[in-house]
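One-letter residues, chain by chain:
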Amino acid sequence: MALYSEKVMDHFRNPRNVGVIEDADGVGEVGNAKCGDIMKMYLKISDDIIEDVKFETFGCGSAIASSSMATELIKGKPVADAMKLTNQAVAEALDGLPDYKMHCSVLAEEAIRSALEDYEKKKKA
Amino acid sequence: MIYADNAATTRMSDGALDTFVTLAKETYGNPSSLYSIGQRAKEVLEKAREDIAAVIGAGPREITFTSGGSEADNQAILSAAALGERKGKKHILSSAFEHHAVLHTLEKLKKQGFEVTLLDVHEDGLVRPEEVARAIREDTCLVTIMYANNEIGTIQPIREIGAICRERGVLFHTDAVQAVGHLPIDVEAENIDLLSASAHKFHGPKGVGFLYARKGTLLTSLIEGGAQERGKRAGTENLPGIASMAKALQEASQSMERNAEYLTSKRDRLIAGLGAIPHSALNGDAVRRLPGNVSFCFEGIEGESLLLLLDDKGIQASSGSACTSGSLDPSHVLLAIGRVHDVAHGSLRLTIGEDITDEEVETIIRSVAETVEYLRSFSPVWRDLMSGKSSFIL
Chain R
1 MALYSEKVMD
11 HFRNPRNVGV
21 IEDADGVGEV
31 GNAKCGDIMK
41 MYLKISDDII
51 EDVKFETFGC
61 GSAIASSSMA
71 TELIKGKPVA
81 DAMKLTNQAV
91 AEALDGLPDY
101 KMHCSVLAEE
111 AIRSALEDYE
121 KKKKA
Chain F
126 MIYADNAATT
136 RMSDGALDTF
146 VTLAKETYGN
156 PSSLYSIGQR
166 AKEVLEKARE
176 DIAAVIGAGP
186 REITFTSGGS
196 EADNQAILSA
206 AALGERKGKK
216 HILSSAFEHH
226 AVLHTLEKLK
236 KQGFEVTLLD
246 VHEDGLVRPE
256 EVARAIREDT
266 CLVTIMYANN
276 EIGTIQPIRE
286 IGAICRERGV
296 LFHTDAVQAV
306 GHLPIDVEAE
316 NIDLLSASAH
326 KFHGPKGVGF
336 LYARKGTLLT
346 SLIEGGAQER
356 GKRAGTENLP
366 GIASMAKALQ
376 EASQSMERNA
386 EYLTSKRDRL
396 IAGLGAIPHS
406 ALNGDAVRRL
416 PGNVSFCFEG
426 IEGESLLLLL
436 DDKGIQASSG
446 SACTSGSLDP
456 SHVLLAIGRV
466 HDVAHGSLRL
476 TIGEDITDEE
486 VETIIRSVAE
496 TVEYLRSFSP
506 VWRDLMSGKS
516 SFIL
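Those protein sequences? They're chains R and F, same order as listed.
Going by the numbering used here, the first residue of the first sequence is number 1, and it counts up by one from there.
Going by the numbering used here, the first residue of the second sequence is number 126, and it counts up by one from there.
No lab work stands behind these hints, which were simulated from the structure alone.
One thing to keep in mind: the hints can contain errors.
[Stated by the list, open to error] Below, simulated BS3-like cross-link-like pairs (lysine-lysine); rule was C-alpha separation at most 27 Å, straight line:
| # | chain 1 | residue 1 | chain 2 | residue 2 |
| --- | --- | --- | --- | --- |
| 1 | F | Lys167 | F | Lys150 |
| 2 | F | Lys331 | F | Lys357 |
| 3 | F | Lys236 | F | Lys215 |
| 4 | R | Lys122 | F | Lys514 |
| 5 | R | Lys44 | F | Lys236 |
| 6 | F | Lys438 | F | Lys167 |
| 7 | F | Lys167 | F | Lys331 |
| 8 | R | Lys121 | F | Lys514 |
| 9 | F | Lys438 | R | Lys7 |
| 10 | F | Lys150 | R | Lys34 |
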């Protein structure tokens, strides 16, 4: 059996939504280089709909794939729906992750949440 | 496909494979049986022992066959510890970047009341003989220092350490798994008392290795049962494996000088080519290293994703990143030479074999450079380094 599912390898080899949004409405960064994974998410939001999302990731294959899948799952969705994104949903959409790589999906969930919180904060200010 | 992970394992040589198959098919007798096919097997076994002993300057009675390097390491260390304990000596000296077969055995001994000192290996990945001399105590029963490191390939000053141990009357073991078949070894001249080796690191089969123990160094048996290996390792001998290992070692020994010269030139080209990638660094001393070992750290990227993308390009290599070890910590070897976590995650080990071509060397350099650049293009760590938000380490 291969280390990763076909889905993980697809998102790792051809990550969706890679890059930066210069005038993002919300930015979130989680993880640290010491542990070997950092994810940064950029959101463009209008009328509480996520119009665009981009990511940058430093990490292993499953970290890159999890970031990519998470962006796909929230793109075009209302902010309220994106807030409900769970790491299980990310892992399931990738046809599963090895047990010791589940933290990559947790990081993806946290990165999205952190970017959304940044958006809410900016909106209030 | 370019196989550049020969420190993990090697492809069996044609000669070793032929020997293996022939013996498995034709000389299937048990060496302990007294009828002719058993006795023929016994002859093959003893001839293999003689041939292997000759390569490292040992006597045949000083060679014990094992299931591989890990078993040999375990047996060497546990034997020396048992001998020390009888004399009330319960201190062992080793280094911080030994293989886990050594480190975990030492951990086990610590639980049994032994004290273990792990020497610093410095930034160049080399143990200092004078530090060995200073750290040896009245109650030191064993010094165990690897011959060459499996990750960064640095070759330790074994002869100097051996001389110190001999002078101080302390047993000296070396895990020579990466060195046997690749470097000239003479257990007499280097004052080695115990040495571990593994066949599959020099184009022999997997699951077989040997332990050299100087005459008079009593071994503790790890596996109880029959009287095979003079009572020091029970179980019917893996004859095809053992004879095949002897064949592979003889071949490696005969072409050692030529192989080393060839590999060194390819290694140095790789080091120069990969060193041209910005913010990269070679791990370990550039000269005192195994002929086929190239180990680098690249800032701003993570090793597992590099390996997976290189695999897509047909290059098989290895990394000391946390993600390839299944733990959160990167390689203890890279940490031991002072690489910080952030950088140690971005490591790549290439261990080339004798059949590598110039063209393949250039393909590796080009592919690694492209892949590192690609991964950096969407790495937030790299972005922060480039924008000056954080500072480069390499």
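* Asked: Taking only the CA atoms, is the gap from Lys236 of chain F to Lys215 of chain F under or equal to 27 Å?
  -> holds (12 Å)
* Asked: Holds or violated: are the alpha carbons of Lys167 of chain F and Lys150 of chain F at most 27 Å from each other?
  -> Holds - the C-alpha atoms of Lys150 of chain F and Lys167 of chain F are around 16 Å apart, at most 27 Å.
* To do: Given the hint that Lys44 of chain R pairs with Lys236 of chain F, test it: the Cα-Cα distance must not exceed 27 Å.
  => violated (57 Å)
* Taking only the CA atoms, is the gap from Lys438 of chain F to Lys167 of chain F under or equal to 27 Å? -> Violated - the C-alpha atoms of Lys167 of chain F and Lys438 of chain F are around 47 Å apart, more than 27 Å.
* Within 27 Å, alpha carbon to alpha carbon, are Lys331 of chain F and Lys357 of chain F? -> With a Cα-Cα distance of about 21 Å, the restraint between Lys331 of chain F and Lys357 of chain F holds, given a limit of 27 Å.
* Compare the distance between the alpha carbons of Lys167 of chain F and Lys331 of chain F with 27 Å, and conclude whether the hinted pair is satisfied. => holds (21 Å)
* Lys121 of chain R and Lys514 of chain F: Cα distance at most 27 Å? -> Holds - the C-alpha atoms of Lys514 of chain F and Lys121 of chain R are around 23 Å apart, at most 27 Å.
* **Pairwise hint evaluation, Lys7 of chain R against Lys438 of chain F, where the allowed Cα distance is 27 Å at most** => Measuring from Cα to Cα gives roughly 19 Å; hence the hint holds.
* Asked: Straight-line Cα separation of Lys150 of chain F and Lys34 of chain R no greater than 27 Å?
  -> violated (53 Å)
* Between Lys122 of chain R and Lys514 of chain F, is the straight-line Cα distance small enough, at 27 Å or below? -> holds (22 Å)
When each numbered hint is compared with the structure, violations occur for hints 5, 6, 10.
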